[in-house]
Structures are given as C-alpha cells and as structure tokens.
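Number of protein chains: 2
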Amino acid sequence: MGDNLTFLAPAGSLLALAFAAYLGYSVLQFSEGTDEMKAIAAAVREGAGAYLRRQYKGVALFFGVMFVILFALALGRYITIFVPFAFITGGFFSGLAGFIGMSMATRSSARTAKAAIDGLNKGLRVAFSSGAVMGLTVVGLGLLDLSFWFYFLNWYYRALEPAIRIQNVTSAMLTFGMGASSYALFARVGGGIFTKAADVGADLVGKVEAGIPEDDPRNAAVIADNVGDNVGDVAGMGADLYESYVGSIVATAALAVAAGFGVRGVTVPLIMASVGVLASVIGTFFVRSGESAEQSVLLAALRRGVYTSSAIIVVVSFFIIRGLLGADNMGVYWAVIAGLVAGNIIGFSTEYYTSAGFNPTRRVAGTAVTGPATVIIGGLSVGMLSTVVPVATVGVAILVSFYLSGGLRDFNLGLYGVGISAVGMLSTLGITLATDAYGPVADNAGGIAEMAHLDPGVRKRTDALDALGNTTAATGKGFAIGSVGKGLAIGSAALTALALIAAYRDQVELIAKGLNLPRAIDLSLLNPRLLVGLFVGGVMPFVFCSLAMNAVGRAAQEIVIEVRRQFKEIVGLMEGKAKADYARCVDICTRAAQKEMVAPALSAIIVPIAIGLLFSVEAVAGLLTGATVTGFVLAIMMANAGGSWDNAKKFIEEGNLGGKGSQAHKAAVVGDTVGDPFKDTAGPSLNILIKLLSMVSVVFASFILQNALLR
Amino acid sequence: MGDNLTFLAPAGSLLALAFAAYLGYSVLQFSEGTDEMKAIAAAVREGAGAYLRRQYKGVALFFGVMFVILFALALGRYITIFVPFAFITGGFFSGLAGFIGMSMATRSSARTAKAAIDGLNKGLRVAFSSGAVMGLTVVGLGLLDLSFWFYFLNWYYRALEPAIRIQNVTSAMLTFGMGASSYALFARVGGGIFTKAADVGADLVGKVEAGIPEDDPRNAAVIADNVGDNVGDVAGMGADLYESYVGSIVATAALAVAAGFGVRGVTVPLIMASVGVLASVIGTFFVRSGESAEQSVLLAALRRGVYTSSAIIVVVSFFIIRGLLGADNMGVYWAVIAGLVAGNIIGFSTEYYTSAGFNPTRRVAGTAVTGPATVIIGGLSVGMLSTVVPVATVGVAILVSFYLSGGLRDFNLGLYGVGISAVGMLSTLGITLATDAYGPVADNAGGIAEMAHLDPGVRKRTDALDALGNTTAATGKGFAIGSVGKGLAIGSAALTALALIAAYRDQVELIAKGLNLPRAIDLSLLNPRLLVGLFVGGVMPFVFCSLAMNAVGRAAQEIVIEVRRQFKEIVGLMEGKAKADYARCVDICTRAAQKEMVAPALSAIIVPIAIGLLFSVEAVAGLLTGATVTGFVLAIMMANAGGSWDNAKKFIEEGNLGGKGSQAHKAAVVGDTVGDPFKDTAGPSLNILIKLLSMVSVVFASFILQNALLR
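Here the protein sequences come in this chain order: P and G.
Numbering of the first sequence is given in my numbering, commencing with residue 64 and proceeding in unit increments.
Numbering of the second sequence is given in my numbering, commencing with residue 64 and proceeding in unit increments.
Please note that the accuracy of each hint is not assured.
As the list claims (entries may be wrong) - Here are the computed lysine-lysine pairs in the DSSO-like style, where the Cα-Cα straight-line distance is at most 30 Å: (1) Lys640(G) x Lys270(P); (2) Lys729(G) x Lys723(P); (3) Lys723(P) x Lys270(G); (4) Lys723(P) x Lys640(G); (5) Lys631(P) x Lys631(G); (6) Lys729(P) x Lys723(G); (7) Lys631(G) x Lys723(P); (8) Lys640(P) x Lys270(P); (9) Lys640(G) x Lys101(G); (10) Lys631(G) x Lys270(P); (11) Lys713(P) x Lys642(G); (12) Lys270(P) x Lys270(G); (13) Lys640(G) x Lys729(P); (14) Lys101(G) x Lys729(P); (15) Lys101(G) x Lys270(P); (16) Lys729(G) x Lys631(P); (17) Lys576(P) x Lys270(P); (18) Lys729(P) x Lys729(G); (19) Lys642(P) x Lys523(P); (20) Lys729(P) x Lys523(P).
The set of hints was computed from the structure by calculation and includes no laboratory data.
The task is simple: from the sequences and hints, build the whole structure.
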C-alpha cells in the first residue's frame with residue numbers, strides 16, 4: 064500500500080460529481096408548482112444569474128491582472144511557470160462550485176415549496192438533495208483539480224529526485240489554493256454585501272417603517288432579498304468552503320516534506336478526502352423524516368446523516384494512516400480525531416451562545432426590554448464572551464495534534480499533525496455543507512410560499528424546514544446542524560492558517576538556502592520587525608470588517624431610499640393593485656456589491672506584499688500570525704453576536720417579552736439588523752482572509768526575499 | 064555627571080507636590096457660591112467619598128490576599144522579600160493619587176461654576192488648576208515612591224556588585240508597578256462601571272423615556288451621574304495614569320541592565336520624569352484666556368501650556384541623554400522624540416475620527432437618519448477603521464526607537480530605546496493630565512449650574528469650558544487637548560507593554576540560568592505552546608470587555624427600574640414639588656461597581672499564572688503578546704467608536720440633520736449610549752490590563768519555571 068493509492072483521489076472526485084449529477088437530476092424531476100411560483104422562481108434565478116455574471120466579469124479582470132503579475136514573476140524565476148496557471152484553475156473551480164450550487168438552489172426553492180404541499184418529508188428530501196448537490200460538487204471539483212495538478216506536476220518533475228519533486232509539486236499546489244481563496248474572498252464579500260444590503264434595506268423600510276410583513280410582494284426589495292440568499296449564502300458559501308477544503312489539503316501537503324513523509328504525506332490528506340466523499344454519499348441516505356413537523360425529528364434526520372459519515376471517517380482513517388505512515392506515526396490519527404472533535408465542540412458552543420434555547424440569547428432578548436442600546440451592548444458582550452470556548456478548543460486541538468503527532472521528536476512532524484487535524488475536521492464536508500446549503504433553499508421556499516399566496520399550512524412546513532437551517536431550535540432540545548458547519552469553517556480556518564504559516568517558514572528557509580542568502584530567519588517574538596508585522600496583522604481584520612460593514616450600511620441606505628420612492632411614486636402599490644419594480648433593487652445591490660468588494664479583497668493581496676517589501680519576511684510572518692489571532696477571534700465574535708441577535712428577535716416574535724410589535728421587539732429588530740453584516744458579510748470573510756494572506760505570502764516569498772528594503 | 068544626579072528624582076517629586084499643594088490651596092480660596100450650590104456639591108462629594116471608601120475596603124482585601132501569596136512566594140525564595148511590600152506601596156500610592164485628585168475635583172466644580180459667573184477666564188483658571196493638582200499629584204507621588212524604592216534597594220543591596228545590584232533593584236521596582244497597575248485596574252473598571260451605569264441609566268430613563276433634560280434635578284440618577292464623573296473620570300483616570308507613568312519608568316529601568324547601561328540607564332528615565340515635572344509646572348503658567356468664549360481661544364490657551372512643556376523636554380532630554388549615556392548613544396534621544404511625536408499623532412488621529420469637525424463623525428451622524436441600526440454599524444466601522452493610524456504610528460515608533468537606539472548593534476539596546484520612547488511620551492504627563500482631569504470638573508460645574516438654576520449665561524460659559532474637555536471642538540479649527548491625553552495613554556500602553564514583555568524574557572532567562580535549568584527558552588513564533596498562549600492572549604481583551612460591558616448594562620437596567628419607581632411612587636416629583644432620593648441610585652451604582660469589578664480584574668492576575676502553570680513561560684510570552692496586540696487594537700476601536708457616537712449626537716443636537724427630538728437624534732442617542740461603556744469603561748481598562756498581565760508574569764516567573772506542568 065502506498066503511492067499507488069493516489070488513484071483514489073480522482074476516483075473520489077468522480078464519485079462525488081456523478082452522485083451530485085444524479086441528485087440534481089432527480090430534484091429537477093419535481094414540479095415547480097403554479098405559474099405564479101414559476102414566475103417568482105424565475106425572477107430570483109435571473110437576478111442571481113445576472114449578479115454572478117457581473118461578478119465573474121469583475122473577478123476575471125482581477126485574475127487577468129494577477130496572471131500577468133505572476134507570469135512576470137515566473138519569467139523572473141521567482142516562481143515556477145505553473146504558478147499562474149494553477150492560480151487561474153483554483154479561481155475557476157471555486158467559482159464553478161459556487162455557480163453549480165447556486166443554479167441548483169435557485170431551481171430547487173419553488174420545487175421545495177411545491178413538495179411541501181404534498182408533505183414535510185418530501186419537502187425535506189428536495190431541499191436537502193439540492194444542498195447535497197452543492198456539498199458534493201464542492202468536494203468533487205476540489206478533488207478533481209487537486210488530482211489534476213498532483214498527477215501533472217509529478218509527471219512533469221519526474222526527472223527530479225523524489226524529495227525535491229514533491230517539494231516542487233506541493234508548492235505549486237499552494238498557488239492553486241491561493242486562486243481558490245482569492246475567488247472565494249470576492250464571492251463572500253461581494254455576495255455578503257449583496258445579501259445583507261437587500262436584507263437590511265428591505266427590513267428597515269418594510270418591517271420597521273411601513274409595517275408590512277417579511278417577504279411581502281409590495282416591498283420592492285423582496286426579490287433582491289431572495290436573490291441575496293442565493294448569491295451570498297449559497298454561491299458565496301460554496302466558494303468559501305471550496306477554498307477551506309482545498310486549503311486544508313494543500314497546506315498539509317506542503318508540510319509533508321519537512322515532516323519527512325514525502326509523497327505518502329501528501330497522499331494521506333488526498334485519500335482521506337476521497338473516503339470523506341464516500342462517507343458523505345452514504346450519509347445522505349440516512350436523511351429521511353416521517354410526517355411529524357417536530358423540529359427534533361427533522362434535526363435527528365440531519366444529524367443521523369452527519370454522524371454516520373463522521374463514524375465512517377473515524378474508522379477508515381485509522382487504516383489509511385496506519386497503512387501509509389506506519390504504526391510509528393499513529394499519533395497523526397489522533398490529530399484527525401482531535402480535529403473532528405474540535406469542530407463539533409465549536410459547533411456546540413456556537414449553538415449554545417446563539418440559540419434561544421439557552422441562557423445567553425435569552426439574556427440578550429431580555430436586554431431588549433430597555434431598548435436598542437442595551438440590546439446592542441448585550442449582544443456584543445455575548446459575542447465577545449463566546450470566543451473563549453472556540454479559542455480554547457482550537458488551542459487544545461493544536462497541542463494534542465502537535466504533541467501526539469510527534470512534535471517533541473520532530474517539530475515538523477507536529478506541524479504536519481496540526482495540518483492533518485484541519486483535514487480531518489473538513490473530511491465530511493460533502494454532507495455538512497449539504498445541511499448548510501439546504502438553509503437558503505428552505506428559506507426561499509418559504510418566501511415563494513408567501514409571495515404566491517399558498518396555503519398557510521405550507522408556509523408552516525417550509526418554516527419548520529427553514530428553522531433547522533437557521534439553527535433556531537428554540538426548543539433547546541438539541542444542537543442544530545448548521546452550527547456544526549459554522550464550527551468547521553471557523554475551526555479549520557484557524558488550523559489551516561497555522562499550517563500555512565508553517566509552510567511559509569519552510570518555503571522561506573528553502574528559498575533562502577537556494578539563494579545562498581547570508582541571513583538567518585529570526586522568528587523570535589521580540590524581533591521588532593516581527594512585532595510590527597504582528598500589529599499590522601492584528602489590525603487588518605478590523606479594517607477589513609470596517610470596510611465590509613460600511614459597504615452594507617451604505618448600500619442598505621440606497622435600498623431604503625429606492626423602496627420609499629416606489630411606495631410614493633407607484634400608484635396602487637400599497638393596495639396590491641400595482642407591481643413593484645424589483646429589478647431596480649437587484650441592480651442597486653449588484654452595483655454596490657461589485658464596487659465595494661474590491662478594496663477589502665485587494666487588501667488581502669497588497670498588504671502582505673507591501674509589508675514584505677518594506678520589512679522582509681519576519682514582518683510577514685508576524686503579519687500572518689497577528690491576522691490569524693485577531694481574525695479568528697473577531698470572526699467568532701461577529702458570527703455569534705449576529706446569531707444571538709437574530710434568535711433573540713425570533714424568540715420575542717414567538718410571543719415572549721411582549722411579542723411582535725412590542726418595544727422589545729423593535730429593539731430586537733435593531734439588534735438583528737446590526738447582526739446581519741456581522742454574521743453574513745464580515746465574519747465569514749475573515750476565515751478566508753487569514754488563509755489568503757498566507758498563500759499570497761508563500762507565492763511572493765522569493766520575490767520579497769530578494770527585493771525587500773530592509774533585508 | 065552621572066549617578067549623583069539621581070537626587071533629581073526626589074527633588075522633582077517634592078516640586079510637583081509642593082506646587083500641587085499651592086494650586087490646591089489657591090483653588091480653595093474661591094467661593095462655592097450659593098447655599099444651593101454648596102448643597103449639591105456636598106452631595107456629590109459625599110457620594111464620591113462613600114464610593115471610594117467602599118472601593119478601598121474591597122481592594123484592601125485583594126491586596127491583603129495578594130500580600131500573603133507574595134509573602135509565601137518570598138519565603139519559598141521565588142522572589143525577594145521586598146516584592147510584597149513594593150506591591151503594597153504601588154497600590155497605595157496609586158489609590159492616593161486618585162483620592163487626592165478626586166477630593167480636589169469635587170471641591171472645585173461648584174467653585175468653577177461660581178467663578179464662571181464672574182467670567183470665563185476665571186472659570187478656566189479654577190477648573191484647570193484643579194486638574195493640574197491631580198496631574199502634578201500623580202507624577203509627584205509616582206516619583207516619590209520610585210525614589211524611595213530606588214534609594215532603599217540600592218542601599219540594601221550595596222554589598223552586591225553593581226550589575227547584580229541594579230538587576231535586583233529594577234526587578235523589585237517592577238512589582239511596585241504591579242501594585243500600581245492592580246489598583247488602577249480596579250479603579251478604572253469599578254469607576255467605569257459606576258459612571259457609565261449612572262450615565263446610561265439616567266439617559267435611558269430621563270432623556271429617552273420621560274423626555275426631561277440632562278442634569279434635571281427630578282431625575283433620581285443625576286447625582287449618581289455627577290458622582291460617577293468624579294469616581295470614574297477623575298479617581299479612575301488618576302490611578303490609571305499613575306500606573307502608566309510608573310509602568311513606563313520601571314519597564315525601561317528593567318531593560319537598562321541588559322542594554323549594558325547599568326545604573327545610568329535607570330537614572331535616565333527618572334531624571335527625564337523630573338525634568339518633565341519642571342516643564343509641566345512652567346507650562347501651567349501659559350494657560351490663560353481672555354474673555355472670549357471662542358473655543359479656539361480656549362483651546363489655544365491649553366495648547367500653549369502643553370506645547371511649552373513638550374518643547375522644554377525636547378531640549379533638556381538631549382543634554383540628559385548626552386550627559387548620562389554619552390555621545391555614542393544619542394539614538395536613544397531620537398527614541399524620546401519618536402515617542403513624543405507618536406503620542407501627538409495618535410492624539411490627532413483620535414481627534415480626526417471622533418470630532419464632529421471632520422468627515423468620519425459627520426458620516427456617523429448621517430447614518431442616524433436611517434435609524435439606530437445604521438448608526439451602530441456606522442460607528443463600529445469608524446472605530447475599526449480608526450485603528451490603522453495609531454497602530455502604524457506605534458509600529459513606526461517601535462522601528463525608529465529600536466534601530467536608532469542601536470538595535471542592530473545590540474538587540475537589548477534597541478529594546479531599551481522602545482522603553483524610553485514611552486517615557487518620552489509620558490514625560491509631560493503633569494500638564495497633559497491636567498487638561499484631561501479638567502474635563503469632569505467643567506462638566507460637573509455645568510451640572511451644578513443647571514441644578515442650582517443659575518443664569519443661562521453661566522451655563523453657556525461652563526459649556527464652553529466643558530466642550531474643550533470633551534474634545535467636541537465641532538468647529539474643526541483645531542485639535543482638542545483631551546485627545547492628546549488619550550493618545551498618550553494608548554500609545555504609551557502599547558510601548559510599555561512591549562518593554563515589559565522584553566523585561567519578562569530577560570527575567571526568565573536570568574532565572575533559568577540561576578536555577579541551572581536544562582532548557583532553552585524558545586520564543587519562536589511557531590512553537591505550539593507560544594501559539595496557544597497567543598490565542599488565549601488574543602481572546603482575553605474580548606472577554607474582559609464583555610464582562611465590563613455586561614456589568615454596565617446590568618447596573619444601568621437597575622438604575623432605570625429605580626428611577627421609574629421614584630417617578631411613580633414619589634408624589635409631586637415630576638412637578639418639582641418633592642425631592643428625588645438620590646442616595647439610592649448612588650448606592651445601586653456603588654454596589655454594582657464593587658461586585659462587578661472583581662471578575663475582570665482578577666482575570667488579569669489568574670490567567671497568566673494559570674497559563675504559565677499549564678504550559679510554562681513560552682505560553683506566557685505568547686499570552687502577553689497576543690493580549691497586547693488585540694488589547695491595543697480593541698482599546699482604540701472602542702475609544703474612538705464611543706467618541707464618534709458621542710460627538711455625532713452632539714452634532715445633531717446643535718441643530719443638524721433634524722436637531723434635538725428628531726428621529727435622527729433618537730438614533731444618535733442609542734449610539735451614544737452604546738458608546739458610553741466602550742469609551743469610558745472597557746476601552747481604557749484595556750490599557751492597564753495589557754501591562755498588568757506582563758508585570759504579574761514577571762513576578763511569578765520563577766515560581767512558574769519551577770512548577771509548570773509542561774516544563
């Protein structure tokens with residue numbers, strides 16, 4: 064057993080894509096319902112398609128420029144000639160994963176609403192299958208691209224001796240990760256701005272000012288809001304998790320050489336990913352419910368699927384690691400387990416802090432009674448407090464992975480363990496992502512049910528489906544599934560970022576040796592350059608969030624003004640006799656998102672290069688570490704504060720503390736509105752930012768080592 | 064010239080204290096005005112005194128326990144026997160500085176109001192003199208305690224050879240800093256909770272609910288609000304800046320040995336501080352205004368004082384450093400200049416982001432038009448963006464100080480330079496603090512003018528005085544003075560914290576050598592223990608803020624309920640025929656502050672020790688660095704977001720965007736209320752936290768090296 068098992072990677076990829084195609088085909092066999100439902104679904108689909116086309120144009124320009132820059136670096140022999148091409152394919156596949164997921168989602172929401180007319184189980188199957196298409200597409204495309212480059216580069220460098228060969232292969236693969244992360248950052252930020260501008264704008268002017276319900280067709284922003292769910296929560300998340308998945312694998316692969324595992328160290332994450340595909344496919348068969356609308360039953364169905372997949376990974380990876388790395392390195396197996404357990408703990412803690420079933424969010428709801436100011440203070444302080452458990456968990460996972468993998472014997476062995484724990488955490492992504500992507504589909508199905516004036520019983524069923532996706536299980540009976548997905552994204556980001564920093568150091572030392580540079584790389588904490596980098600890195604996530612939130616605020620204000628204008632100028636709109644001009648709002652969001660995503664996304668490329676050119680590699684290492692620390696903490700804080708406000712509002716809407724329309728409810732809506740850009744724009748983008756910074760630094764390391772001002 | 068110049072330290076101390084006594088005496092010669100004014104001033108004075116007495120009791124218990132622990136450590140030979148005593152005196156003097164400042168302030172506000180009846184210049188002189196008493200008391204007591212320990216320890220260790228002697232002296236002096244920081248943290252957190260609970264509670268129930276003006280005597284929380292200004296903004300700030308001042312000096316002194324300067328390296332900061340006293344005293348004579356109520360004229364008066372003092376320092380420190388460290392080390396002089404310039408740049412940037420005279424706060428005011436949610440998003444994003452300039456400035460100051468002081472020749476020389484730049488930044492504290500402490504006095508004078516129904520023209524004058532202290536110079540003509548003080552506090556905290564981390568490393572290496580421990584101290588960024596420490600440190604400021612803000616929110620809710628009760632139950636209160644029960648509100652705030660300050664303050668002591676005992680000294684170094692990075696960034700973010708909301712509200716109150724009573728104004732009040740605990744409770748406490756963590760770590764280093772689980 065050994066190198067010849069690499070064929071499992073393309074095999075896993077094909078399995079994932081084939082099963083995704085099968086599921087997609089079977090979803091499309093369902094009916095989209097009445098003409099009205101079809102028309103609404105078509106409007107959302109068109110808006111989403113138009114947005115993505117616009118986004119692709121903008122991003123293509125960026126990729127074009129980066130390609131030229133990377134090509135010039137390759138001509139200058141700072142990087143190998145494959146880097147620009149790997150970069151492009153990473154971006155392309157990341158975008159493709161989002162595109163396929165979104166196409167599926169926009170074709171599934173009306174079908175879910177129609178299926179929910181027939182029964183809850185049928186609705187669940189349609190929505191979940193649609194989510195699974197996205198989950199499997201993400202992992203399938205990821206493995207496809209990884210396999211392609213792995214085989215191609217191994218063939219190309221076949222004349223080199225194994226250790227050097229694998230070094231060349233893995234460092235070119237890192238650039239492929241950089242492409243994926245670059246696209247993902249644009250998609251997350253752009254999609255996040257779109258969806259939250261529409262959502263905040265629609266709520267401010269509809270719910271708060273005009274006093275009409277959510278998803279009311281008189282509100283001109285309501286289609287934009289539905290489009291936003293798809294471009295932000297589906298296309299954006301697809302690209303995001305594609306980059307998490309690929310990032311964890313390439314980072315671990317890059318550490319394999321230093322750890323002394325050679326090509327086998329690279330195959331382990333690839334094969335674990337393939338087994339993860341199989342486990343996910345098997346898991347999807349366990350997601351079925353009866354006709355009960357009880358959340359706990361639906362939850363159990365989803366959980367059964369996820370846990371079955373996890374169990375398969377726990378068992379099979381034991382044999383993979385034993386077979387490939389030998390009985391001496393079974394500590395690496397414990398790193399896998401540490402990763403899986405850590406992901407789950409973080410998910411549980413997310414649930415604890417954000418679900419109205421537990422004390423923290425109940426307390427936030429209580430602070431709404433004295434008005435919006437106290438609810439903001441309450442939510443922020445829950446968000447801040449909620450960072451403790453995830454950080455402690457990741458800390459313990461790092462120590463366990465590092466020491467059990469043999470970090471005391473060999474430092475690099477321990478770092479490889481940290482990388483593999485992130486791979487373990489993400490191995491069941493095919494199915495965990497399905498449960499995440501399912502949320503927006505159910506949400507849109509509800510919107511369609513409302514707008515198409517379906518029977519309230521149907522809306523109740525879609526709401527039951529939606530509540531699962533939103534982790535609102537207010538019953539407190541169990542942990543909703545979506546929060547496990549969030550836990551994985553956050554936890555794996557921190558672990559992968561650390562692995563990438565380690566890979567950066569390896570790369571820098573290798574290049575410095577290759578160039579015969581007369582200097583040691585001093586990564587001591589008290590090196591003033593490193594400290595400066597640490598401060599700059601520490602501040603970056605704050606600036607990034609500031610830009611993203613400001614963009615949402617500005618675009619939401621434009622939406623408010625536009626909807627107000629339509630209420631005033633379109634005769635008969637409020638009486639339901641005239642139609643609102645939905646396309647205008649979609650257009651406002653699209654333009655805003657495209658314009659505003661540029662600055663934050665570019666900062667991730669420009670800042671590490673600029674800091675490197677000024678103060679050289681130590682400052683860059685500091686920058687990466689600083690950004691990882693504050694980015695990780697801030698991402699948790701924002702996600703959980705946002706989730707807590709969201710569910711505190713829903714808790715009040717269920718009739719607690721005065722219920723809908725009370726002063727407490729109004730205050731809670733303010734909290735929820737502030738939380739929107741926290742949890743769906745700024746927060747999740749940080750996970751990508753901290754990895755992209757490292758990958759950019761690796762790619763430009765040689766250039767910086769030779770051209771920095773302070774060498 | 065050399066060692067025999069140390070007499071300047073006690074001389075400077077005596078000058079400061081004597082001049083403070085003279086100023087205090089001259090303020091007390093003024094009349095307190097009518098009987099009504101006297102009665103109000105007495106009520107505030109009593110409330111503040113009652114609070115401080117209660118605080119001293121609680122803190123005394125803490126100091127007692129710590130004394131026992133430290134004494135036990137001394138018996139176990141982990142630390143020298145002077146540590147527990149130095150710790151106690153640091154706490155005592157820090158408390159005393161706050162007490163004297165507060166006694167003066169509570170005796171000056173009615174006198175300022177009375178003086179303002181006679182004229183603006185007279186009012187300015189009284190308020191400013193009162194502030195100067197506090198500024199000079201802080202530096203005077205600081206130098207007194209420093210001189211005492213310096214002389215005493217030098218005498219005690221006279222038998223040791225100079226290098227060892229000075230090492231022992233400086234490390235015992237660090238514990239004196241730890242005592243000062245411990246007390247300051249309690250005072251800042253407790254005082255901050257008190258003042259903001261009263262302020263937020265009074266505003267929520269008075270301005271927002273009942274629609275009565277600020278400082279209206281019918282509001283039962285109004286005396287508590289005035290008491291809060293004194294216990295938080297005066298007593299808390301006095302203790303805070305005492306610890307900043309002393310901390311920068313002891314941290315630099317601790318680095319003198321490693322830098323090879325010996326006792327002269329310790330004398331430089333002491334003498335610079337003494338010259339700073341003289342410069343401050345001279346500066347106070349330049350603070351005079353004519354009878355114009357123009358802010359720019361008043362501002363110019365305050366600025367003249369501060370800039371004169373700075374100029375004196377710039378000139379004299381050249382000769383001090385040349386004389387003591389020699390012409391070879393003139394780079395250290397540039398570190399002083401770098402510190403002074405950096406402090407001013409940070410102050411200017413604070414002003415830019417928080418004054419309604421500039422774009423950022425204008426934009427925040429604009430976001431109020433669409434309601435509280437957008438104003439919160441707007442203020443947070445201004446706060447986050449405002450971190451860039453201070454962080455970049457401190458980064459440049461670090462590099463300049465490090466490299467120009469000779470960091471390339473000798474690493475430790477560079478670190479000494481970083482320490483001295485913080486000393487330079489704070490050398491004119493005597494006068495900059497005067498301009499800060501002056502704010503609450505003017506604020507209270509306004510309150511007294513309102514409550515005692517003085518002529519509106521008097522209130523207008525006190526408002527003109529107050530506006531300066533609040534950095535509200537909406538004219539945009541110049542930079543208000545208070546923000547320079549804030550800049551110094553934040554900038555010096557970051558620099559001092561770094562110097563302390565360096566001192567920690569020196570200490571650990573020395574102890575490890577002394578113990579013949581068979582291990583190297585590995586401070587590499589990729590050491591997993593260090594990384595775990597970094598994450599824990601990164602999360603600490605968030606948790607700390609969460610606890611502090613939650614405490615304010617909870618106590619404010621209690622106030623709201625109490626004031627509501629009084630409105631309902633006290634017959635004739637709303638008609639002005641009956642008096643409110645002010646003491647109840649003072650009591651609620653006092654109890655809340657005392658109870659809630661314990662957890663955050665204790666965490667600063669317990670966490671570094673616990674992390675050390677688990678993962679040893681590398682994790683502690685990571686913890687200190689992580690806490691410094693996120694603490695620094697978060698402190699700026701919170702201070703500036705809070706300041707911006709505050710001034711956006713005032714901007715609207717001046718009649719812009721709809722003016723008082725408009726929807727925009729209501730939204731802006733929400734922003735201001737959220738900002739209150741940001742800028743006056745959580746934010747400034749972080750500056751103390753990051754230093755205290757380091758000092759605790761130094762004191763417990765030996766114990767941890769010998770007893771850590773993972774050695």
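Between Lys640(G) and Lys270(P), does the CA-CA distance stay at or below 30 Å? violated (43 Å)
Straight-line alpha-carbon gap Lys723(P) to Lys640(G), limit 30 Å: violated (39 Å)
Is the straight-line distance between the alpha-carbon of Lys642(P) and that of Lys523(P) 30 Å or less? Distance of about 26 Å is within 30 Å: holds.
Keeping to a limit of 30 Å between CA atoms, is the pair of Lys101(G) and Lys270(P) held or broken? violated (52 Å)
Is the straight-line distance between the alpha-carbon of Lys631(G) and that of Lys723(P) 30 Å or less? Roughly 27 Å separates the two Cα atoms, so the pair holds.
Does the structure keep Lys640(G) and Lys729(P) at a Cα separation of 30 Å or less? The hint is violated at about 35 Å.
Need the status of pair Lys640(P), Lys270(P): alpha-carbon distance at most 30 Å? With Cα atoms ~20 Å apart, Lys640(P) and Lys270(P) stay inside 30 Å; holds.
Against the 30 Å threshold, does the CA-CA distance of Lys729(G) and Lys631(P) hold or violate the hint? Given that 30 Å is the threshold and the Cα spacing comes to 25 Å, the pair holds.
Are Lys729(P) and Lys723(G) close enough, with their CA atoms no more than 30 Å apart? Roughly 22 Å between the alpha carbons, so the hint for Lys729(P) and Lys723(G) holds.
Take the C-alpha atoms of Lys631(G) and Lys270(P), compute the straight-line distance between them, and say whether it is at most 30 Å. violated (33 Å)
Given the proposed pairing of Lys729(G) with Lys723(P), does the C-alpha separation stay at or below 30 Å? holds (22 Å)
Does Lys270(G) lie within 30 Å of Lys723(P) when you go C-alpha to C-alpha? It holds: about 25 Å lies between the C-alpha atoms, which stays within 30 Å.
Checked against the numbered hints above, the structure breaks hints 1, 4, 5, 10, 11, 13, 14, 15, 17 and satisfies the rest.
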